[in-house]
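Protein chains in written order, with my numbering: chain L, 1 to 566; chain F, 1 to 315; chain S, 1 to 335.
If you're looking for bench data, these hints aren't it; they were derived computationally from the structure.
The beta-carbon is built from N, C-alpha and C at its ideal position, and this holds for glycine as well.
Some but not every residue of chain L turned toward chain F, in silico, with C-beta under 8 Å:
#: 1; residue: Ala261
#: 2; residue: Val264
#: 3; residue: Ala409
#: 4; residue: Glu423
#: 5; residue: Asn426
#: 6; residue: Val431
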Amino acid sequence: MKLKTLLLGAIASTALAPAAFAERGSDGHVNIIYWQAPSILNPYLSSGTKDIESASLVIEPLGRYDQDGALVAYLAEEIPTVENGGVSADLKSITWKLKSGLLWSDGSAVTSADVKFTADYCMDPAGGCAQLAKFEGVDSVEIIDDLTVTVTFGEAKPNPYGPFMGGQSPIIQMAQFENCTGAKAPECTDANFGPIGTGPFVVTDFRPNDVISMVANENYRDASKPAFATLTFKGGGSAMASGRAVLETGEFDYAWNLQLAPDVLAKMSEGGKGKTVAAFGTLVERIEMNMTDTSPDLPEGERGTVMHPHPFLSDVRVRKALSMAIDRELLVEIGYGQAGRATCNLVPAPLIYASDNTDCLIQDIEGAKALLEEAGYTVGSDGVREKDGVRLSMLYQTSTNAVRQDFQALIKQWWQEIGVESELRNINASVFFGGDPGSHDTFQRFYADVEMYANNFDGTDPESYLAQHTCDKAPKPESQWMGENMNRYCDPAYDALVAELGRTGELSKRGEIAKKLNDMLTKESYVVVPLVDRGRVSAHANSLGGVILNTWDSELWNVADWHRIK
Amino acid sequence: MTDLSNQTPLAPPRSQWLSVWDQLKKHKGALLGGGFLLFITLAVLLGPYIWTLDPQKIDYRARDFRPIYHALFDADAKTAWGNPLGTDQLGRDGLANLLAGGRTSMAVGWAAMLLTLFIGTLIGVVAGYFKKLDNPLMRLTDLFLSLPILPLLLVAVTLFRQPLHANFGPEGGMFILIVGIIGITSWMPTARIVRGDVLALKEREFVVAARSIGTQPGAMIWRHLLPNVISPIMVSATLGLAAAIITESALSFLGVGFPSDFPTWGKMLADAVQRMEEFPERVMLPGVAISLTVLSVNYLGDGLRDALDPRIRGR
Amino acid sequence: MLTFTIRRLLMSVPTLLFISLVIFLLLELAPGDPMAQVPLTVPPEVKEKMREALGLGQPMHIRFWKWLVQFFWIEPQVLIDHIFGTTYALGDLRVISWQTRSPVMDTVVQRIPQTLWVVGTAYIVGILIALPIGIYSAYRQYSVFDQCGTFITMVGFSIPPFFTGPLLIVIFSVQLGWFPFIYDTTHVVDDWDSFVQQLRQMILPVMVLSLQTTAQISRYMRASMLDNLNQDYVRTARAKGLSEAVVVMVHVLRNSMIPVVTVIALGMPAIFGGAIITEQIFSVNGIGAQLITALFANDLPTVQTLTFIFAILIVFFNLIADILYGLLDPRIRYD
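Let the hints inform the model, and build the full structure from the sequences given.
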């Protein structure tokens with residue numbers, strides 16, 4: 001009954017929707033709050049989510065991902081594919097065609113020169129572009145005619161949708177940024193704070209790390225949109241405060257990413273002023289196992305390198321037992337509620353890449369104990385298992401975050417039940433996720449036995465994400481501890497399969513390989529122990545219509561369709 | 001009256017400290033404060049031996065229990081005699097946490113407060129009394145006042161965590177680090193206040209008189225100056241205790257404090273703020289514990305100050 | 001006194017230079033990375049390029065020298081240009097934030113109004129409440145007023161703003177709906193209504209902040225008054241037949257002000273420095289919020305500049321306090 005009413009309501013609101021935003025600016029003002037404040041509106045100079053998403057109100061890419069991860073044309077006429085001839089058969093080039101008649105908010109025409117300039121701007125060697133990875137492998141960007149550009153790659157690119165796709169890679173205006181390339185990029189404060197764009201809104205006032213005021217773009221391509229005449233984008237505070245402002249007091253219309261405990265969020269929703277929306281992407285909270293010995297007794301330079309394998313975590317049975325002892329469903333219930341799903345996979349989505357591995361979902365304390373017995377670890381006098389003087393005692397580190405600390409406490413208890421002792425440590429996120437080669441406390445340095453954090457991949461293709469676990473990506477002293485293979489996992493078969501993935505263009509074949517790679521890291525070796533597939537919860541006021549939460553692109557991707565429900 | 005030589009004194013000559021004690025006994029606030037302080041100290045010291053539930057033990061089936069008194073006005077409330085003060089969101093026992101947390105908070109609070117007072121008073125008196133040292137010491141104070149706390153903490157952790165961890169264990173090492181950090185970052189106000197008072201005091205007649213009869217600087221400071229700056233020091237002590245207990249929780253929020261499963265009053269309070277409306281007891285219990293401790297130190301300090309002042313004592 | 005002031009002012013130049021060096025070294029030594037908040041999806045090679053673009057590849061002493069030049073030479077020129085419309089600083093590189101890629105001082109200037117409104121008001125309100133409470137509590141020691149005052153101030157001080165802030169929000173914003181709790185920094189005060197609106201949005205953070213100030217200052221005021229009320233000169237003054245008001249408010253108060261002046265002077269830099277936790281709870285986004293976001297983002301130029309501005313204020317207000325000592329108690333001689 002309730003579901004039915006809901007559905008009917010949804011149908012009714014979509015049916016009424018066109019009437020509601022028949023005219024640009026007819027719905028007055030909308031307030032958005034992000035608890036992280038945007039510092040700049042140029043995504044090429046900062047890759048913070050807050051910066052990319054606030055910029056997405058103003059500047060747009062050629063195409064975006066929709067809420068299901070499918071590609072949707074924005075400034076482009078259509079999404080180029082091999083089928084429609086937009087992508088060459090050898091996968092080495094992609095040709096984009098702009099919609100005709102597009103105007104910048106200052107009234108000038110959008111041309112292919114702007115698209116080419118965008119690529120040049122980011123690929124300038126002195127610029128320190130934050131989105132350089134999007135342009136990886138690009139050989140050249142050529143202007144074919146006023147509305148057409150061709151991007152040529154050095155090698156075959158099975159996923160050619162890096163440049164100009166998604167919120168990270170929007171088109172900027174050549175006229176505005178012409179003198180801001182390379183080392184001069186940060187000097188153009190006015191341009192970085194108020195880019196001229198094609199999006200539904202135009203910046204009138206930007207206060208870094210505080211608030212942005214915007215008005216509707218007079219030259220937006222759809223004459224009836226956006227429905228709101230003005231917009232305030234407030235930043236700062238806490239997830240708690242922004243949730244409250246939307247759900248309890250109604251001061252704001254939209255709050256981003258409410259990372260709050262499920263019971264807290266549920267209590268807030270009782271306020272009745274708004275509702276929460278959730279969606280899932282590829283973010284997975286996981287425990288990473290260290291395959292090397294990080295004992296402080298080892299000399300610096302050898303500590304935490306492949307020279308010394310971990311005394312007990314190098315045994316796959318121990319790793320498997322640790323994974324079996326965890327009750328993922330309970331972790332979800334306590335930490336994430338509707339914004340989480342228990343998972344055993346490193347790549348939880350999209351469907352063609354997600355393995356069907358669900359073995360780990362059932363907690364099995366007895367099985368874990370038996371496995372440790374089998375591996376030869378017997379319970380010592382203090383309840384901690386040991387074998388030949390090696391005690392199952394670990395340092396378990398993560399970043400400072402209320403949910404992570406609750407997880408640590410729970411997992412510590414389960415591990416204690418199977419006879420594994422752990423010391424907990426939490427490190428300030430700005431140190432933990434920083435790459436300071438001088439610090440012992442970074443997640444790359446990994447001077448601990450296990451560590452917990454979350455990671456995901458951009459867009460819908462997991463190739464570079466899975467390639468992070470190849471042998472050569474292990475952080476080591478020679479590379480200043482840079483690298484993404486935190487576990488120092490090294491398996492030649494894995495490396496070979498990653499190389500094969502890079503050569504494969506056919507989608508179903510890629511899916512198969514990616515699933516195999518995912519399984520090698522998780523259920524076959526337990527080097528990475530996925531815990532929770534973390535979705536995102538945002539909230540909007542009851543009176544705000546048209547919100548479709550999207551985790552594959554900017555959350556504000558369809559802000560032009562937002563309107564006031566009357 | 002006639003035979004004076006027979007008359008023995010009714011009481012032996014009283015020591016100064018005895019009369020201080022006599023005066024203190026008459027001070028109701030001081031007695032109450034002292035009594036409560038003794039009670040809470042004993043409770044956190046001995047409590048964990050009587051209430052033996054492990055504060056870190058998670059029982060997620062028994063999570064979010066309300067304190068037992070809730071059953072009085074809400075028969076449906078989740079309560080259990082096994083958890084008289086309820087449990088938190090992971091099912092850890094409230095009473096056990098309050099006791100264990102109190103132990104840490106009291107230890108950190110007192111140690112850090114005493115360290116702060118010691119450094120602050122020492123620097124303040126020396127700077128105020130010795131003119132030559134005034135400028136360098138006060139510029140040092142300016143320097144410490146200007147240092148940004150967070151980077152300082154991170155540097156201290158980087159440099160000292162490993163050696164302290166190795167020598168004193170994870171908790172002992174952290175304790176020393178935290179007390180040290182709070183101590184060296186909060187002595188400056190005390191030093192400036194004490195110095196200001198000493199600057200004025202040392203021009204007073206009694207000090208000039210004492211100097212003219214050749215009192216040595218050490219004796220001068222100890223006998224004449226310190227007793228006269230005792231009241232601002234007492235205020236610093238009470239404020240310092242509260243500040244230290246709260247600062248400790250801020251440190252663990254920054255990831256520099258005790259391991260996350262190690263309860264302290266400040267941390268319990270900080271964790272409970274999110275669920276303040278639903279579970280007010282979780283903020284009230286540690287909040288009241290901190291406030292009462294600080295209040296009792298304050299009253300005890302008031303009483304002590306009155307008792308130490310010979311002018312009031314005479315009355 | 002004048003020579004003392006001049007000497008101290010001259011002294012403060014090397015002091016401040018030394019402080020700036022210590023701050024710089026401390027920030028260098030602290031672990032952290034401006035790339036820490038960059039999403040993990042950005043590969044390490046790209047991060048390395050971004051670091052280079054920030055100038056992190058240069059040796060330490062060059063970066064310190066650059067900052068000194070920018071702060072002491074170029075920024076004042078920018079100020080002069082701004083006031084007189086000249087163009088001395090045209091084209092010179094100013095102190096640039098790593099987060100916003102814009103001049104740090106521009107953001108500071110943008111944020112000073114809200115910090116002064118909220119933190120400044122709270123401080124003044126705090127002092128105005130604290131002084132009478134302290135004086136009267138001491139004058140009527142152990143009266144009901146004194147006991148209540150003690151209770152409220154001590155409880156107020158031992159309960160941290162991270163608790164009082166949300167508590168006030170729940171009561172006044174969520175339950176009663178009287179005041180907004182997200183501070184609107186774009187609000188312009190130009191008439192009576194907008195002024196009332198400004199007061200409404202200020203009231204909660206001001207309450208939280210002034211509670212702390214009141215507690216601290218009133219305790220010192222009370223203690224110091226108590227010390228002086230029993231002095232011989234008070235008896236003499238009363239014996240001379242001076243009215244009670246004159247005795248307390250002139251003689252005793254003046255002699256009791258030294259510790260209070262110290263505490264007030266120590267708190268003054270915080271007016272400009274903002275209040276980190278309270279600003280964050282109410283999204284005031286003043287200078288305190290700027291400092292904390294810069295710290296978490298490891299935005300060293302911003303942190304260095306802000307801490308150094310605080311250092312200047314600290315040195316300055318401590319100098320003022322020292323001068324005030326001399327005025328309050330003419331026996332204090334520095335020369």
